[in-house]
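Use these hints to put chain B onto chain A, whose structure you have.
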Amino acid sequence: MFNHLLRLMWNKKKQNFLLMTEMFISFLVLFAVFTLMVYNYNNYKKSMGFEYENVWVVNYNNNMNSNNTDSVLLFYETLRQTVKSLPKVKDISFTSENVPFSSNSIQVGTEYNKKQLSHINLLRVEDSYKNVLQLKILEGRWFNRQDIAPKHKPFVINQTLKEELFGNENAIGKLIGGDSKSEVIGVVEDMKIKGDYISAGRAMYERIDTGSYRWLGRMLVSVTPDADIAFEGKLYKTITNIMKNGNIEIEHLANKRKESNYFALVPMIVLLIVAGFLIINVALGLFGVLWYNINRRRGEIGLRRAIGATGNSVSGQLVAEALILASFAIIAGTFFAVQFPLLNVFDLPRGVYLTAIILAVFFIYLLVLICSLYPGKQAAAIYPAIALHEE
Amino acid sequence: MLKNYFNIAIAVLKRRKFFTFISLFVISFTLTILMVLTAFIDKVVNDNYPDKKRDRLLYINSMEERGENAMNGGSLSFYFLTHYAGSLKTPVKVAISSAYSGTNTYINNKKIAVNYKYTNDAYWEVLDYDFLEGKAFNRQQIANGEHVAVISEDLKKEYFGNVSSVVGQYIEADNVKYRVSGVVKNVPITNYMMYSDIYLPYTVSKSDYNENKTYRGGYIGILMAASKEDVPKMHEEYEQMISRLPMSSKEFNRIYSHADTFISGYVRTGNEEKSGVTIALTAIGIFVLLVMLLPTLNLVNINVTRIMERSSEIGVRKAFGASSQTLVYQFIVENLLLTLMGGLISIILSLTILYFINSAGFIANLTLSLNFTVLSISLLTCLVFGLLSGVYPAWRMSRLNVVTALKAS
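Those sequence lines, one after another, are chains A and B. Position 312 of the first sequence, counting from 1, maps to 312 under the working numbering, and the rest follow consecutively. Position 91 of the second sequence, counting from 1, maps to 91 under the working numbering, and the rest follow consecutively.
Extracted from the complex, chain B is given alone in its bound form:
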């Protein structure tokens, strides 16, 4: 039976080539837009380099103190992360790093803009950076305040040129010479919590990381639990610790700070009343609705027109006893078939567009790709799209009166 529908569908598609073209164009472009969007979100949300143990991690990005007329917020101090977050019992390790900031280095009459980040030794154990050569600096080196650095692949290329190994060589940044201890694979800037060009021990930081005894400073932290099961406990423990924290000043009466999972930490806006996830989802939802609503309406329009053309066929089938259900079923199958064809075209289109985006390098180190997740989400959107645009026309078709349908021709 399905094979029959399939043959009919192909015959119908061939009959009015212009309409088939319009339908395929509409479907494939809509799906392409959605697929590129999915690929982008998937890259940002699901790419777990360098935090491969993401399901065991909680991220602490900011703290906000609020009072009647005062508000103060931002990233945390090294002191807070070692003394308060560091004294929690559930986390086995606390990675501490400064938020990345920029400096320059000048070599051979060339200026290189460098982003640097100070880290502790746990940082390299909590996160799994891919070392292309060398290794991270260890606890001893940090304690000694050695001038050692881990640099990114890009910086290596830019600073040293195309040489095979740079471990042990010196790189100058911020007017200080650092010995290269390792080279890691690039992290895209969209992963702003872990992105940097050069990673340095916190002890060589020029700011007095130890003397700042307030809560706020330039650092962020990542808590690692012993296992996945401990994460809720760790979250709970952190919230409790925050609720017991004394206010830093009389103007304030509330302190907010959260140990978040990657996604909710990533989109945290600093607005405590509204969750960042809700805002991000609403924005994406509106965009998807907009992108899908018009093409769907358009397809419904075209489909309604197309079935009217087939009113005689429908009339005859109904006269010979086909139920409305069968007809609706047939039409939806035809429509899904068309959508899937559009889906195939859209995969080709998306690959082309992604290739273009990647090679143009709009965002450094961000390589978008179609993977299994993206493809399955796309397939799902195809099905939803096909159903959305097929159901109403099919319903109208099935309600056609036999007499009118036959008379019209």
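Chain A extracted, bound-state conformation:
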């Protein structure tokens, strides 16, 4: 039966080749779309890793004229105490410019046991950072006052980095880095700092030392839920009064999250619309061609019916032909698709590619099945007498 079908298809190889190419390209398009969707969905499923409601970001560029570290420190300490003493402020924390949901990135590299890793987000934080964003400590501890003058510079790393550097081993107390060693003192849950749909990536946290306050530009403020615009105006005034030479902007993390999600979602939606259109397109074309073929093969089908083939076996033959064609296209498509996980293009987890391949295979079969069922049914309804009479 199978060989038989193959021979029938081979006889019309030119027409079938065109159909196959079409399915092949559809497969690749679907693979790309599903890869993106699976990747985004996987990221979306994971927890945010921190609290963004009722946390505000103050962006400032303070043009301080002083070069004296002590006076800079004193200035920021005054600012901290003043802001903290406001009624609706729970806690504040100065930090580097890569706050959650911002487009700024600071990336570094490190090594452990000759294993080198790059693209690690470096977040410069204070002891209060953990409380402001309510980070979850998985192992070890967060920074505290003991870390002022340690033997090795202390670092807290995130879960992803821990798994990549140490696997299942205990990370606490391990020394990482090249020439100047630093010590891992804690592991925190991954923070998706670029938004819901983007993976957390590797991250390490460094305690801000007293000399680097002048280079900072962000302050995170956690407020009580009843903090409103009027209070925001007051906070704004308070800060500008202290920072006379600075430009200040207050943003809400919750709004910044929406914005960064918007930037992740819009390209995906556009891609989905385009891909959806392409698939409808292919489905209609496939349907038309199959339908037309049946009309051309009325004589053949009529004859088969006349010598006793059931309607089901006739429609089965047509559907099987279409599915075999699809299988060839899928085999060729999979060959190209598996190169992505094998060559590790784009640095995505393998599972994402594999899920995408499975989904794309499934979807192509479904599409071909749907497009061939109706023509198949029509073929089954052909009466031998009428079909052969025309001949």
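Derived from the structure by calculation, the hints contain no laboratory data. Fair warning: there could be bad hints in the mix.
Derived SDA-like pairs (lysine to any residue); straight-line CA-CA distance at most 20 Å [stated by the list, open to error]:
#  : chain 1 : residue 1 : chain 2 : residue 2
1  : A       : Lys-13    : B       : Asn-4
2  : B       : Lys-177   : A       : Asn-241
3  : B       : Lys-111   : A       : Lys-13
4  : A       : Lys-14    : B       : Val-391
5  : A       : Lys-244   : B       : Val-204
6  : A       : Lys-237   : B       : Glu-172
7  : A       : Lys-258   : B       : Phe-362
8  : B       : Lys-14    : A       : Gly-299
9  : A       : Lys-256   : B       : Thr-190
10 : A       : Lys-244   : B       : Lys-206
11 : B       : Lys-177   : A       : Thr-240
12 : A       : Lys-14    : B       : Val-304
13 : B       : Lys-206   : A       : Gly-246
14 : A       : Lys-12    : B       : Val-304
15 : A       : Lys-244   : A       : Leu-79
16 : A       : Lys-88    : B       : Lys-110
17 : B       : Lys-206   : A       : Ile-172
18 : B       : Lys-110   : A       : Gly-233
19 : B       : Lys-111   : A       : Asn-295
20 : B       : Lys-110   : A       : Glu-232
21 : B       : Lys-17    : A       : Asn-241
22 : A       : Lys-244   : B       : Glu-172
23 : A       : Lys-13    : B       : Glu-309
24 : A       : Lys-244   : B       : Glu-211
25 : B       : Lys-111   : A       : Tyr-292
26 : A       : Lys-14    : B       : Lys-17
27 : B       : Lys-14    : A       : Asn-295
28 : A       : Lys-88    : B       : Tyr-106
29 : B       : Lys-206   : A       : Thr-240
30 : A       : Lys-151   : A       : Ile-172
31 : B       : Lys-14    : A       : Tyr-292
32 : A       : Lys-12    : B       : Thr-404
33 : B       : Lys-17    : A       : Asn-293
34 : B       : Lys-110   : A       : His-252
35 : A       : Lys-256   : B       : Phe-362
36 : A       : Lys-13    : B       : Val-304
37 : B       : Lys-407   : A       : Gly-299
38 : A       : Lys-14    : B       : Arg-399
Chain B alone, transformed into the frame defined by chain A:
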């Protein structure tokens, strides 16, 4: 003869309505996608508000210093733009402005997020902002450090409400009161080099624009040549100046900075090895290829099927001496006709989609429209599309053997 083909084509289209529907659907949707894309690119690239003298301008956005292990890049300092770019001989004017950044203002228990930008006086002469009322601040006002501001139409509406004139009134931003000197038409944020809500004199900037004697800071510049012909000379002069520039630190051994035309400046990625234009073109090319490849294949499939249906007609015509060429010609004309019909539908579809995009306001102040450029590019794509999907089927048709063609029916 053409009229004959036309009649035949209409008759054929009417005969199998389902196929005609599929073809038209495929063609019109593909062209719609391409037209919306073209409208978007055209808006970003060709919309010359407020830089109407674009063919005389070169844009300086960034500088990058590189060494073996070090790299430092970003926008430029006010000092660099006045002392180095400002000392060039070809440019007649140098517009200097800071990259826009954000602040808030609070009024009547409402928060308004404001983007501000510091500019010099040449900025208003190099660029042609449309003033709805008032005028720009002048050199004297800048030198005096007056707190004056030019604001955008949107900000006026948001801050003052629906009032007719606001010139002379005060607006508070960043905790400082500024007197409104003029109101300009909005610039979409996609034009990031000139976008802002409020434009201020550089002398009121809180950062010490004069004390930063390094190359890098928060400013960008626009050079204006006396005429179009001077632009290459100006470009050359700037490159020469950069090549003579001493390194700011021993870690570096190369300095990159370019005075670009609008488009190459717009897509400059900060990667010196690859031009931004190449990357942008490749990305657009891949997208267009993807969007066109599948529908074309699909149409080829449908067309091949459709001509087989007409094998008897072809057989008879061939038997009576029609050459292959004539048949190919006829079929391509038919196909182009179909594509043009699809093109017409796609114009209607595109207008609907653009209307939807504009009214939804996905990007503030960005109004997409179909103009002459977009339409002619669309027409061109129609023709290419029609030829692509018609040539192979026509070629196959013309090779049909008379005997087989007649026998098949």
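For each hint, the structure was consulted:
Pair hint Lys-13/A plus Asn-4/B does not hold up; C-alpha atoms about 34 Å apart against a cutoff of 20 Å. For the given pair, Lys-177/B sits about 14 Å from Asn-241/A by alpha-carbon distance, which is consistent with the 20 Å threshold. Proposed proximity of Lys-111/B and Lys-13/A is contradicted: the alpha carbons are some 68 Å apart, above 20 Å. Proximity of Lys-14/A to Val-391/B is assessed by CA-CA distance (about 16 Å); at most 20 Å being required, the pair is judged to hold.
With a CA separation close to 13 Å, the supplied pair Lys-244/A and Val-204/B stays within the 20 Å bound. Straight-line distance between C-alpha atoms of Lys-237/A and Glu-172/B comes to about 12 Å, which keeps the hinted pair within the 20 Å bound. Restraint check: the Cα-Cα separation between Lys-258/A and Phe-362/B comes to about 14 Å, which is no more than 20 Å; the hinted pair holds. Using a Cα cut-off of 20 Å, the hinted pair Lys-14/B and Gly-299/A is violated, with the two alpha carbons roughly 26 Å apart.
Proposed proximity of Lys-256/A and Thr-190/B is supported: the alpha carbons are some 19 Å apart, at most 20 Å. Pair hint Lys-244/A plus Lys-206/B holds up; C-alpha atoms about 8 Å apart against a cutoff of 20 Å. Taking the CA atoms of Lys-177/B and Thr-240/A, the gap is about 13 Å. The hint holds against a cut of 20 Å. Distance hint between Lys-14/A and Val-304/B is fulfilled; the C-alpha atoms sit about 10 Å from each other, no more than 20 Å.
Using a Cα cut-off of 20 Å, the hinted pair Lys-206/B and Gly-246/A holds, with the two alpha carbons roughly 6 Å apart. The hinted pair formed by Lys-12/A and Val-304/B meets the criterion: a straight-line CA distance of about 13 Å does not exceed 20 Å. With a C-alpha separation of about 12 Å, the suggested pairing of Lys-244/A with Leu-79/A holds against the 20 Å cut-off. This hinted pair checks out: Lys-88/A and Lys-110/B have alpha carbons roughly 18 Å apart, not beyond 20 Å.
For the hint pairing Lys-206/B with Ile-172/A, the CA-to-CA distance comes to about 45 Å; that exceeds 20 Å, so the pair is violated. Between Lys-110/B and Gly-233/A the alpha-carbon distance is near 9 Å, which keeps this suggested pair within the 20 Å criterion. For the hint linking Lys-111/B to Asn-295/A, the alpha-carbon distance of about 68 Å lies beyond 20 Å, and the restraint is violated. With a CA separation close to 10 Å, the supplied pair Lys-110/B and Glu-232/A stays within the 20 Å bound.
Taking the CA atoms of Lys-17/B and Asn-241/A, the gap is about 74 Å. The hint is violated against a cut of 20 Å. Distance check on the hinted pair: Lys-244/A and Glu-172/B sit about 15 Å apart at the alpha-carbon level, within 20 Å; holds. A distance of roughly 18 Å separates the Cα atoms of Lys-13/A and Glu-309/B; the hinted pair therefore holds under the 20 Å criterion. For the given pair, Lys-244/A sits about 18 Å from Glu-211/B by alpha-carbon distance, which is consistent with the 20 Å threshold.
The suggested pairing of Lys-111/B with Tyr-292/A is violated, with an alpha-carbon distance near 63 Å, which exceeds 20 Å. Proposed proximity of Lys-14/A and Lys-17/B is contradicted: the alpha carbons are some 25 Å apart, above 20 Å. As the CA atoms of Lys-14/B and Asn-295/A are separated by approximately 18 Å, the hinted pair is consistent with the 20 Å bound. Under the criterion of a C-alpha separation no larger than 20 Å, the hint pairing Lys-88/A with Tyr-106/B is consistent with the structure, at around 18 Å.
Distance check on the hinted pair: Lys-206/B and Thr-240/A sit about 12 Å apart at the alpha-carbon level, within 20 Å; holds. The suggested pairing of Lys-151/A with Ile-172/A holds, with an alpha-carbon distance near 15 Å, which does not exceed 20 Å. For the suggested pair Lys-14/B and Tyr-292/A, the alpha carbons sit about 16 Å apart, so the restraint of at most 20 Å is met. Taking the CA atoms of Lys-12/A and Thr-404/B, the gap is near 15 Å; set against the 20 Å cutoff, the hint holds.
Among the hinted pairs, Lys-17/B with Asn-293/A is consistent with the structure: their alpha-carbon atoms are about 16 Å apart, no more than 20 Å. Distance hint between Lys-110/B and His-252/A is fulfilled; the C-alpha atoms sit about 15 Å from each other, no more than 20 Å. As the CA atoms of Lys-256/A and Phe-362/B are separated by approximately 16 Å, the hinted pair is consistent with the 20 Å bound. As the CA atoms of Lys-13/A and Val-304/B are separated by approximately 13 Å, the hinted pair is consistent with the 20 Å bound.
Between Lys-407/B and Gly-299/A the alpha-carbon distance is near 14 Å, which keeps this suggested pair within the 20 Å criterion. Only pairs whose Cα atoms come within 20 Å are accepted, and Lys-14/A paired with Arg-399/B is accepted, the gap being roughly 14 Å.
When held up to the earlier numbered hints, the structure conflicts with 1, 3, 8, 17, 19, 21, 25 and 26 and fits the remainder.
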